[in-house]
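**Student:** Chains as they are written, first to last, in our numbering: chain A, 8 to 120; chain B, 310 to 424.
Please note that the accuracy of each hint is not assured.
Said to hold, decoys possible - Listed next, the stretches of chain B that the computed footprint assigns to chain A, with coverage defined by at least 3 CB atoms under 8 Å from CB atoms of chain A:
| id | stretch |
| --- | --- |
| 1 | 327 to 335 |
| 2 | 341 to 353 |
Claimed, not checked - Each pair of labels, with its calculated beta carbon distance range:
| id | chain 1 | residue 1 | chain 2 | residue 2 | range |
| --- | --- | --- | --- | --- | --- |
| 3 | B | ASP336 | A | ARG119 | 36 to 42 Å |
| 4 | A | PRO37 | B | MET354 | 24 to 30 Å |
| 5 | A | THR115 | B | GLU396 | 22 to 28 Å |
| 6 | B | GLY362 | A | LEU14 | 28 to 34 Å |
| 7 | B | LYS375 | A | VAL36 | 21 to 27 Å |
Simulated from the structure, these hints should not be mistaken for laboratory data. Positions of the beta carbon are idealized from the N, C-alpha and C atoms, including for glycine.
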Amino acid sequence: AQSVTQLGSHVSVSEGALVLLRCNYSSSVPPYLFWYVQYPNQGLQLLLKYTTGATLVKGINGFEAEFKKSETSFHLTKPSAHMSDAAEYFCAVRTGANSKLTFGKGITLSVRP
Amino acid sequence: GAVVSQHPSWVICKSGTSVKIECRSLDFQATTMFWYRQFPKQSLMLMATSNEGSKATYEQGVEKDKFLINHASLTLSTLTVTSAHPEDSSFYICSTKFQENQPQHFGDGTRLSIL
Numbered sequence: 008a009q010s011v012t013q014l015g016s017h018v019s020v021s022e023g024a025l026v027l028l029r030c031n032y033s034s035s036v037p038p039y040l041f042w043y044v045q046y047p048n049q050g051l052q053l054l055l056k057y058t059t060g061a062t063l064v065k066g067i068n069g070f071e072a073e074f075k076k077s078e079t080s081f082h083l084t085k086p087s088a089h090m091s092d093a094a095e096y097f098c099a100v101r102t103g104a105n106s107k108l109t110f111g112k113g114i115t116l117s118v119r120p
Numbered sequence: 310g311a312v313v314s315q316h317p318s319w320v321i322c323k324s325g326t327s328v329k330i331e332c333r334s335l336d337f338q339a340t341t342m343f344w345y346r347q348f349p350k351q352s353l354m355l356m357a358t359s360n361e362g363s364k365a366t367y368e369q370g371v372e373k374d375k376f377l378i379n380h381a382s383l384t385l386s387t388l389t390v391t392s393a394h395p396e397d398s399s400f401y402i403c404s405t406k407f408q409e410n411q412p413q414h415f416g417d418g419t420r421l422s423i424l
């Protein structure tokens, strides 16, 4: 079985500050890992993904995430927060090409002026 | 641009009404589509997997007769909420998986409000 843990429900940062959203996963086989962003009343937009290869993955809007197998983590970071980054962020895991995508409960990012 | 089109984006209707939501894949053929339900401030819960030309696979606890899924073509899957009641009010999102080892692309969701 696979699962995703996103601790906390809300993160608030100042504009220009570092963004760090944590994600830990559980998987019995090498995982595929994803971060999605959701704006109000919209679907999910893919930020970045890890499948194989380089463990530091760069995505859109300046976000990046690092796959750490030893820590079973895939934390999302952005060096400098922008007001437009305020949204809901979901970490997700899939354990094979045909397996289902399992989402974490999501975390709300607020950016203060 | 968007690769998945979901329609309508917002529905308000009376209790007892049946509501159909469409999910279209644009510019590619999607043999598999997924339907999710999302309650406010919560994560997405997979309801069912829609397979072109065959019956959908429903997750445990999802009523098949309540949430009818039809995937009659490679570009269209529909979810019909039959005899909807206020407890069915939610945000419904579809997604596709059009290529192996690639992420899913999501529609913009449908906000369903049953009065």
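**Student:** Can you let me know if the beta-carbon spacing of GLY362 (chain B) and LEU14 (chain A) is within 28 to 34 Å?
**Tutor:** The hint (28 to 34 Å, Cβ to Cβ) is violated, given that GLY362 (chain B) and LEU14 (chain A) are roughly 42 Å apart.
**Student:** Is 22 to 28 Å a correct range for the gap between the Cβ atoms of THR115 (chain A) and GLU396 (chain B)?
**Tutor:** 25 Å, holds
**Student:** Taking 36 to 42 Å as the hint, is the beta-carbon distance of ASP336 (chain B) and ARG119 (chain A) inside that range?
**Tutor:** 40 Å, holds
**Student:** Do three or more residues from the stretch 341 to 353 of chain B put their C-beta atoms closer than 8 Å to C-beta atoms of chain A?
**Tutor:** Result for this restraint: holds, n = 5.
**Student:** Confirm or reject the claim that LYS375 (chain B) and VAL36 (chain A) have a C-beta distance inside 21 to 27 Å.
**Tutor:** With Cβ atoms ~34 Å apart, the hint is violated.
**Student:** Quick one: are PRO37 (chain A) and MET354 (chain B) within 24 to 30 Å, going by C-beta?
**Tutor:** 25 Å, holds
**Student:** Just to make sure I understand the rule, a stretch counts as covered if three or more of its residues have a C-beta closer than 8 Å to a C-beta of the chain. Does the stretch 327 to 335 of chain B meet that for chain A?
**Tutor:** Since 0 is below three, the answer is violated.
Violated hints for the displayed structure, listed by number in ascending order: 1, 6 and 7.
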